[in-house]
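S.K.: full-length UniProt numbering puts the sequence shown at residues 1 to 678.
I should point out that these hints are in silico values taken from the structure, not numbers from a laboratory. Just so you know, not all the hints are guaranteed correct.
Restraint-style ranges between C-beta atoms, simulated for each label pair [as the list claims (entries may be wrong)]: (1) 202 to 587: 25 to 35 Å; (2) 668 to 121: 51 to 61 Å; (3) 650 to 240: 29 to 39 Å; (4) 39 to 103: 19 to 29 Å; (5) 39 to 229: 15 to 25 Å; (6) 346 to 9: 42 to 52 Å; (7) 95 to 143: 46 to 56 Å; (8) 370 to 76: 31 to 41 Å; (9) 650 to 584: 41 to 51 Å.
A virtual CB, placed ideally from N, CA and C, is assigned to each residue, including glycine.
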Amino acid sequence: MDLSDDIGVLPGVGPKRAENLKELGIQTIEDLLSYYPFRYDDIQEKELNEIQDQEKVTLKGLVVSEPVVSRYGYKKSRMMFRMMQDHAVINVSFFNQPYLKDKIVMSEEIAVYGKWDAKRKSLNGMKILAAKNDGEDFAPIYHVNKKVRQSSLIQLIRVGFEKYGDLIQEILPKELLEKYRLMPRKEAMFAMHFPSDPEESHQAKRRVVFEEFFLFQLKMQGLKRQEKAEQNGLAIQYDVDRLKSFTQKLPFELTSAQKKVTNEICRDLMSLNHMQRLLQGDVGSGKTVVAAIALYATMTAGFQGALMVPTEILAQQHMESLQQLYDPLEVRTALLTGSTKTKERREILEQLATGEIDIIIGTHALIQEDVLFHRLGLVITDEQHRFGVNQRRILREKGMKPDVLFMTATPIPRTLAITAFGEMDVSIIDEMPAGRIPIETRWIRPPQLDTVLEWMEKELARGHQAYVICPLIEESEALDVKNATEIFEHMSAFFNPTYQVGLLHGKMKNQEKEAIMQEFKENNLQLLVSTTVIEVGVNVPNATVMLIMDADRFGLAQLHQLRGRVGRGSDASYCILVANPKNEMGVERMKIMTETNNGFVLSEKDLELRGPGEVFGARQSGVPQFAVGDIVTDFNILEVARQEASVIWKKEQWWILPEYRGVAEKIKPDDGEQQFFD
C-alpha cells in the first residue's frame, strides 16, 4: 500500500468512476486526500430568532405536511412542504430535486440546510441532513462536475483516510514545525476536509499553505542557483555601436523607464548567466520597442532571436511593428504561424536552420518539432503565462538554451512579483511615453445609453472606429452568445446601414475570430461588438471609443486592459463604462476607473477591493497558481517560506541530511527537468 496507488484500488471505485475522478485531476490516493474544499458551509442547527435574512442555515423541525411536487418547464420541478420548530411553521421549497420526496415523512423530525427568506418565513432548501446530526458543524464544499457528486466525494475521502491515513509522512523539518507552530501533516490534511471548528480549519490551512509555498520556493531557488552555478549562458557580445546607432535613430525618445529596463536586459545578454527575466509594463508603456532593441542586440552578435505571441493576429501586428522599427536596416525577419502555407513554411524552416533569418515572430508554431534554429540566442514571449516549463524544455531538447525574456501587461505589485516569481528577475516599465493623450473615462447609467450612442455616431462620422464589450456570463456560454447577439442586434439597428457592425464571441472558431478582427483592422467594420475575447495587445490605432456594457461585472484590472485597446493613435480616445452597480464596492470601482489611467495603482486598488482570488484567480496573469495558497492574502507566509528556503540552500548538500529528506523527495526534478541536486 502506498499513497501513489491508483484511485481505482479503493472499494467502490470501478473503471468508470475512476475515469470521472481523473477528470478532476484525482489519479492517486494522494491526489484524493489533498483535493481540498474551496469553502465550508456552516451547518450548525440554529433557532429562528438567531437567523439573518438570506443566511445559509440548518433548521431542524417536525414535518407537518406531505411534500407536494409541481413540475414546470423542461425537466424543472418545485417540491414544497411545511415543518414546525417551536410552534413556528416554516415553508420549505426544493427546486429540481424531486427524488428527495421519499426522505420527507409526515410527523418525523428532519434537518434541512438552505437559505432563509425572513420576509416569507421560508427556507429555500439545498440539502436534507440526517435528522440526528453526526456532530459535524461544517460541510466541506468541493469543485466537482456533473459526474462526481459532493456527497460521494466526501464519502470517498473518508474511506481514503481510513485506509491510507497512517501512511501520510511528515516532510517538514522539526525545527520549522516548532518555530512556526505548524500542525503535523497528517492532522492538517484531515482537518482541511473535516475541521472541528473555524480555528482548526485556520491552522490546517496555514500549515498546508506554508508547505506549498516552501516547496515552491525551494524548487525555484534551486533552479536559479543551478543557472548561476553552470555559468553556461551564451554571453551574447552584441555590437554596442550598432545598438547605440539604432536606438538614436528611433522616431521617438525612449522614456527613462525604457532605458533602465533595456540596460538590465542588455547586461543579462552579455552575462555568463542565463537570462530569465520578467518584463512588466502597463498597457501602452512601450514593451514592444524594448523587445525590438533586445532582438536587434542579439542579431548584431550573430545570434537569432524569436518573439513568440499567443495569437496569429498579434504575431502579424508585431511583425509590422518590427519591420517599421528596423527599416531601413538589414534585418531579416519572418513570420511563422499555424496558417503559414506549406511551401512558405518549408522555405522559412530552411532559412532558420541555415541562419538566413535573423528574427522570427510567431505563435506556438515556433516550438514544433521540425523547427530548428541555426543559432538561437534570445526568446521573448508576450504574455508570460502562455509559455511554460514544457515549452522551455522543448527548446532545451533541441540543444538550445537561449536567454528568455517574458513580457506581461498584467500589473503585479513589485514586492509580490519578486517573491512570487522566485526563479526570475523582474523589470518594470512604470512610466508612459511622452505625448500620449490620456484616455478619457466616463461612467454612465444604462438609461443614458442612447445619448452616448448618438455621440458615438459623431465619432464614427469622423472616420474613427469603436468597440462595444459585453460581459461574460459565467453560468453559461450559451447566455454569453445570446447576450452579445442581442447587443449586436441593438447596435446594428442603431448604426446600419451607414456603419458596418461586426460580432465576436467565444463560441466562434479561431479562424472566424481572426477574419473578423482583420476586417475591423482594415476598417471594413466600424463597430465591433465582442465578449471579452479581444486579445491583449491588439492594435487598431483608428479605434477611439471603448464602450463597456455592465462594466461593474468586470474587475479593475480587466477594465483597464480593455480600455488599453483604444488610445493607440494620435486622436483623443474615450472609454465609456455603462453600469448600474448593486453595491458600494461596484460604485467605488467605477469611480476609480474615471480617476486614474495607471495600471499599477488600479492593480493595488483591485487587490484591496476584491481580494486576490478574484484578481489573480484566472490563470491569465502568469502568477504561479497554488492549490490552496493565495499569493496575496497569504503573502506573509510566502515571504517567510522564501526566507526559510534561502536559509536551507545555504547548507552544504542539505538534501542528504535526514531532516530534509522528505522535502528533497518532493521537489526532486522530474525526468527531463533541470537537475539542481549535485
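S.K.: Are any of the numbered hints broken by this structure? If so, which, sorted upward?
M.R.: Those not satisfied are hints 5, 7 and 8.
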